[in-house]
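So you can see what is in the structure, the chains are spelled out below.
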Amino acid sequence: MNGNHHSNDRPAWINQANQVLDDSVRDLDAATLSRLNRARQTALAQQLPRAPRAWLLPAGLASACALLLAVAVWQPHHRTETPPTTPIATVDDGDGEDTSAEFYQNLEFYAWLDAQNKGGDG
Amino acid sequence: MAEIAGTMTGSQLEFARRVDATSTNQRALDQFLRGVERRALRMAELACGSRDDALDVVQDAMCAFVRNYAAKPEADWAPLFHRVLDSRLNDFHRRRSVRNRWLAVFERKSEDDDALDPIEQAQDTQDPGPLLRLAGSEAGKALDAALKTLPLRQRQAFLLRMWEGFDVATTARVMQCSEGSVKTHLSRALAALRRALEDHQ
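Protein chains in written order, with my numbering: chain A, 1 to 122; chain B, 1001 to 1201.
For reference, chain B alone in the conformation it holds in the complex:
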């Protein structure tokens, strides 16, 4: 091995070092992406409405994440990946809105911030709630339908905050908006979901 190293030029040694470091980083990246890909696909599917589009968006987000953020500390990967994914979903949504502008008119809703904490606003935690009264796959379908009716930002706020478990500050960084906006989006999402699931029964 020493002989081999002795015959290598400086640039080759540097390349070998880079290969070694990259393979270590690649294993960590592979592990990370395996951990987030299914949830990312679910989020994208809810936003895009089709699995094929969702897979394209997720692949695009993975590529952009690896290209731009692979060298960042591993602790930052999750919010950064979701930031890229959120950005891609916004782009997809924008493109589709332009394509279907006449439909988008009906989807637009005014947005104004208020600093309500949705957790505090939530109703009695002992209340079983609408989903528990729905059984098995019925609950899945109901939730799926309810989530699909939410505006993109509200759905992202709900999924990032409630499902991914990010705190308000991290969710705000991921969604590139203020913490107040996150709270507003989440509050409206929770209210709309609850209403939709109640109606579903």
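So here's chain A without its partners, still in its complex pose:
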């Protein structure tokens, strides 16, 4: 690079142009040189290796465990099991009449009523 920019096999005005260009970069003002220096340092800083951070792995694992635990324990939407809504079946009790399944569902009520009646009698 820059090895042959003042060559004899070129027109003289090109060599002169190169000389003019060389002169133009020789005397830069201090502010420009300072900014060039900053630009160079900024670029070089990108290449510096970063120290391995030994605490990163355990910290990450601990955070993951804590998150997992939190998700397992805290369940914001507690599901309430709703019984399947089955169509009310009719039961044939053999006497030719259809008995509603409601009767069987209310057995507890009838048992309680029966107990009340017996209590009243006794």
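Hints may contain errors.
Claimed, not checked - Computed spacing ranges between beta-carbons, pair by pair:
{"#": "1", "chain 1": "A", "residue 1": "22", "chain 2": "B", "residue 2": "1178", "range": "26 to 32 angstroms"}
{"#": "2", "chain 1": "B", "residue 1": "1176", "chain 2": "A", "residue 2": "41", "range": "25 to 31 angstroms"}
{"#": "3", "chain 1": "B", "residue 1": "1180", "chain 2": "A", "residue 2": "33", "range": "35 to 41 angstroms"}
Said to hold, decoys possible - Quick look at which bits of chain A chain B covers, simulated, 3 or more residues with Cβ under 8 angstroms:
{"#": "4", "stretch": "10-23"}
{"#": "5", "stretch": "27-39"}
Said to hold, decoys possible - The calculated DMTMM-like cross-link candidates involving lysine to aspartate or glutamate, where the alpha carbons are at most 20 angstroms apart (straight line), are:
{"#": "6", "chain 1": "B", "residue 1": "1148", "chain 2": "A", "residue 2": "23"}
{"#": "7", "chain 1": "B", "residue 1": "1141", "chain 2": "A", "residue 2": "9"}
{"#": "8", "chain 1": "B", "residue 1": "1141", "chain 2": "A", "residue 2": "27"}
{"#": "9", "chain 1": "B", "residue 1": "1141", "chain 2": "A", "residue 2": "23"}
It should be emphasised that the hints constitute simulated quantities derived from the structure, not laboratory data. Using N, Cα and C, we set each Cβ at its ideal position, and we do this for glycine too.
Since chain A is already given, all that's left is putting chain B on it; use the hints.
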């Protein structure tokens, strides 16, 4: 020192080795960038038209170069750096063209390749030429003005080929175009510069 090394873990030793290698590479990179930064700034300034924009472009090019090519052999650094810079200048030019599209219409010129060697096409080398007839800072101003009127690709071809001293093949790699295109751009640049400098007198 051996005790210190003995207490270091494998990753720390690896890190120390990387630091050592990087500091060696950094010195070489620093030296290289110091060597090219002023010329790069001049090229960028001619392309951008303002020193502030040029400094931004050069910094951007330096960062991209270090990020992507610092590990390449040192012999390849110059063309690679100029390739990055050329790419950044193209981006800058494209953005500005989009911003000022109505102005860009007047700047566009058709481009077609012909395989003329500009050196062979150049006129008599004994002719003092237009610049020699201009004195001192006058010559600088004339050349500056003439270079600024050149289209980006022609100016880059001239600066890379004539000022930086890259050969045609390397200039083509830097500008990411064919060698024929480099010759065409350079031929037109030389003709335009000569004409502009003649007119300046």
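- Is the gap between the beta carbons of residue 1176 of chain B and residue 41 of chain A within 25 to 31 angstroms? holds, 29 angstroms
- Query: Within the assertion that chain B covers the stretch 10-23 of chain A, do at least three residues meet a Cβ-to-Cβ distance smaller than 8 angstroms?
  - Reply: Satisfied; 11 residues make the cut.
- Could you say whether the range 35 to 41 angstroms given as a hint is met by the Cβ separation of residue 1180 of chain B and residue 33 of chain A? holds, 39 angstroms
- Given the hint that residue 1141 of chain B pairs with residue 27 of chain A, does the C-alpha gap stay at or below 20 angstroms? holds, 15 angstroms
- Query: Per the hint of 26 to 32 angstroms, is the separation of the Cβ atoms of residue 22 of chain A and residue 1178 of chain B within bounds?
  - Reply: Distance hint for residue 22 of chain A, residue 1178 of chain B holds at roughly 29 angstroms.
- Message: Given the hinted pair residue 1148 of chain B and residue 23 of chain A, is their Cα-Cα distance within 20 angstroms?
- Response: holds, 17 angstroms
- Given as covered by chain B, does the stretch 27-39 of chain A meet the bar of three residues or more with CB within less than 8 angstroms? holds (count 6)
- For the pair supplied as a hint, residue 1141 of chain B and residue 9 of chain A, confirm whether the alpha-carbon distance does not exceed 20 angstroms. Since the Cα atoms of residue 1141 of chain B and residue 9 of chain A sit roughly 25 angstroms apart, the hinted pair is violated (cutoff 20 angstroms).
- Task: Starting from residue 1141 of chain B, check that the Cα of residue 23 of chain A is at most 20 angstroms away, please.
- Result: The hint holds at about 12 angstroms.
In this structure, only the earlier hint numbered 7 is contradicted, and the remaining ones agree with it.
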